[in-house]
Amino acid sequence: MPELMIEGRAVTVAEGTSVLAALQNAGYRTLRHSRSGEPRGALCGMGSCHECRAVVDGRIVRTCVTPARNGQRVTLLTGDHAD
Amino acid sequence: MRTDAPVDIAVIGAGPAGLTAALHAARSGADVLVIDAQPGRGGQIWRGAHADRPGPATTLLRELDACPNVRWRGQTEVAWVEGDGTHRELILSSPEGLSRQPARRVILATGAVERFLPFPGWTLPGVVGAGALQAMVKAGLVVRGQRVVVAGSGPLLLAVAAGLRTAGAVVLGVAEQAPMVSAARFGLAAARLGGKTREAAGLAWALRGVPYWPGTYPLHADGDGHLETVTLRRGGRDVTLECDWLAAGFGLVPETRVAALLGCALTDSGAVRVDAWSQTSVPGVYAAGEVTGVGGVDMACHEGRVAGCAATGQIERLSDAAATSARHRAFQTALDTAFTLRPELRALPSPDTTVCRCEDVTHATLRGQHSWTEAKLKTRCGMGTCQGRVCGPATETLYGWRFSGVRPPLVPLPLSDLLADH
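As given, the protein sequences belong to chains A and B, one line each in that order. If you count the first sequence from 1, position 13 lands on 13 in UniProt numbering, and the numbers rise without skipping. If you count the second sequence from 1, position 41 lands on 41 in UniProt numbering, and the numbers rise without skipping.
Source of the hints: derived by calculation from the structure; they are not laboratory data. It is possible that part of the hints are untrue.
[Claimed, not checked] Straight-line Cα separation of at most 25 Å, DMTMM-like style, residue types lysine to aspartate or glutamate; simulated pairs: (1) B:196 x B:224; (2) B:376 x B:396; (3) B:376 x B:352; (4) B:196 x B:336; (5) B:376 x A:38; (6) B:378 x A:38.
[Stated by the list, open to error] Some but not every residue of chain A turned toward chain B, in silico, with C-beta under 10 Å: (7) 18; (8) 22; (9) 24; (10) 30; (11) 31; (12) 34; (13) 39; (14) 47; (15) 50; (16) 60; (17) 61; (18) 71; (19) 75.
Since we're looking at a predicted model, the values are computed, not measured. Don't be surprised by glycine CBs; every beta carbon is placed ideally from N, CA and C.
Looking at chain A on its own, in the form it has when it is part of the complex:
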């Protein structure tokens, strides 16, 4: 079972879990803030809306199409990358 670091916290998930589901199960339903500061979470769950972006191992990805893997480092988009 993959163990990943979400915002510095170790989280173990079932095989086949997306990074998005790992975030949501860890309590992160708000993933970013929009241009004008609205809280935003995932919308489409299939890679088209781009609302679930986060930083995984240094790259901004759509977490819904990114499988959770052992040793991954996931951080939320904040500050300069907020939109």
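Dock chain B against the given chain A, drawing on the hints supplied.
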């Protein structure tokens, strides 16, 4: 940028249509490459399907795995296309960067995306698409014990509600915007088509005890930083429900972006136009499944078979195809008629409701514009990360605009990928 060996057939999309097309194309001996944005095969409806796990796609996946001439690449999308009919190259984007994939023929099986409609509060975390919540659960989201309201339109709502219930969610109700008489008429039309009756019985069993509210739609979602309640309008009455998730989807829209890049003509309803042999207006490019019009999984598999055979010159295997196509088209028409969106849905956004989520453009700003292009130029609507995938279909419904202007790259790319090897 790496250039891979040419393939005879590139199938874009690994859902029911794409996988069926790949299998039938492979039977001709052709080299087949299947790509999909998701890490696994199955598309949205068979998401999480696996050859070792029982399920509706198992046999198909086993047969595909037994074909040495079929290869599969997940987390891969078409970024742009170069060349023409005689020498066509797909530029593919994946976590490894960009690569060139020459393909003699292309089968588009890119499916459909959910139509989202803006209403006050629809940007709150916890408000998601209906198919979206189903997809998230299939990808590991735990909803056990959580309260969900499913709202919007179409038979997908019932499948979603059944899936959520099986996953342990408390489904408070299914709000269908179409009136009872339309939903019932659709049920009868579906019952006349063989194969749908068992599916309906399975759904009914999974949904026992879940209220189904026809003629009902969400008015607004509310909460402090995340969804806490949704208010539904049902008949003349407004009802507010406390919930953890609002799964709201207003039908499906064919995903025609790759088709547009390839130059394929579309129908008036925005699907890829195909002839009886699944051939698009562009020689060598075929299309199958929801991208040619939304008609469900059986139709997608049928069209996949037609496209796979036709693209590889196995027309003789398709003698029964015309009759089957006609039956599926009847189902498709029943679907379109029954779940027409009611005009009240266009009045849902308030002036300050966000319509373009990427650029935070409001309804007040957009309703002063005259077209999709003008809105893009003057307000940045559709210019953000999703490139109009969400607000395009929404503005079509709200303002009657024709969403157009697909341009490469179709996916946001890191500059490092574009600069590599140049």
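Verification of the hints:
1. B:196 x B:224: 42 Å, violated
2. B:376 x B:396: 14 Å, holds
3. B:376 x B:352: Given pair residue 376 of chain B, residue 352 of chain B holds - Cα atoms ~18 Å apart, limit 25 Å.
4. B:196 x B:336: Answer holds: residue 196 of chain B to residue 336 of chain B is near 17 Å, not above 25 Å.
5. B:376 x A:38: Status holds; Cα separation ~21 Å.
6. B:378 x A:38: Measuring from Cα to Cα gives roughly 22 Å; hence the hint holds.
7. 18: 4 Å, holds
8. 22: With a minimum Cβ separation of about 7 Å from chain B (threshold 10 Å), the hint on residue 22 of chain A holds.
9. 24: 5 Å, holds
10. 30: Since the shortest Cβ distance to chain B is 5 Å, the answer is holds.
11. 31: 7 Å, holds
12. 34: Cβ of residue 34 of chain A sits 5 Å from chain B, so the hint holds.
13. 39: Hint on residue 39 of chain A: holds, closest Cβ of chain B at ~5 Å, below 10 Å.
14. 47: Status holds, d = 5 Å.
15. 50: 4 Å, holds
16. 60: 8 Å, holds
17. 61: Cβ of residue 61 of chain A sits 8 Å from chain B, so the hint holds.
18. 71: 15 Å, violated
19. 75: At 17 Å from the nearest chain B Cβ, residue 75 of chain A fails the 10 Å test, so the hint is violated.
Going through the hint list in order, the structure does not satisfy hints 1, 18, 19.
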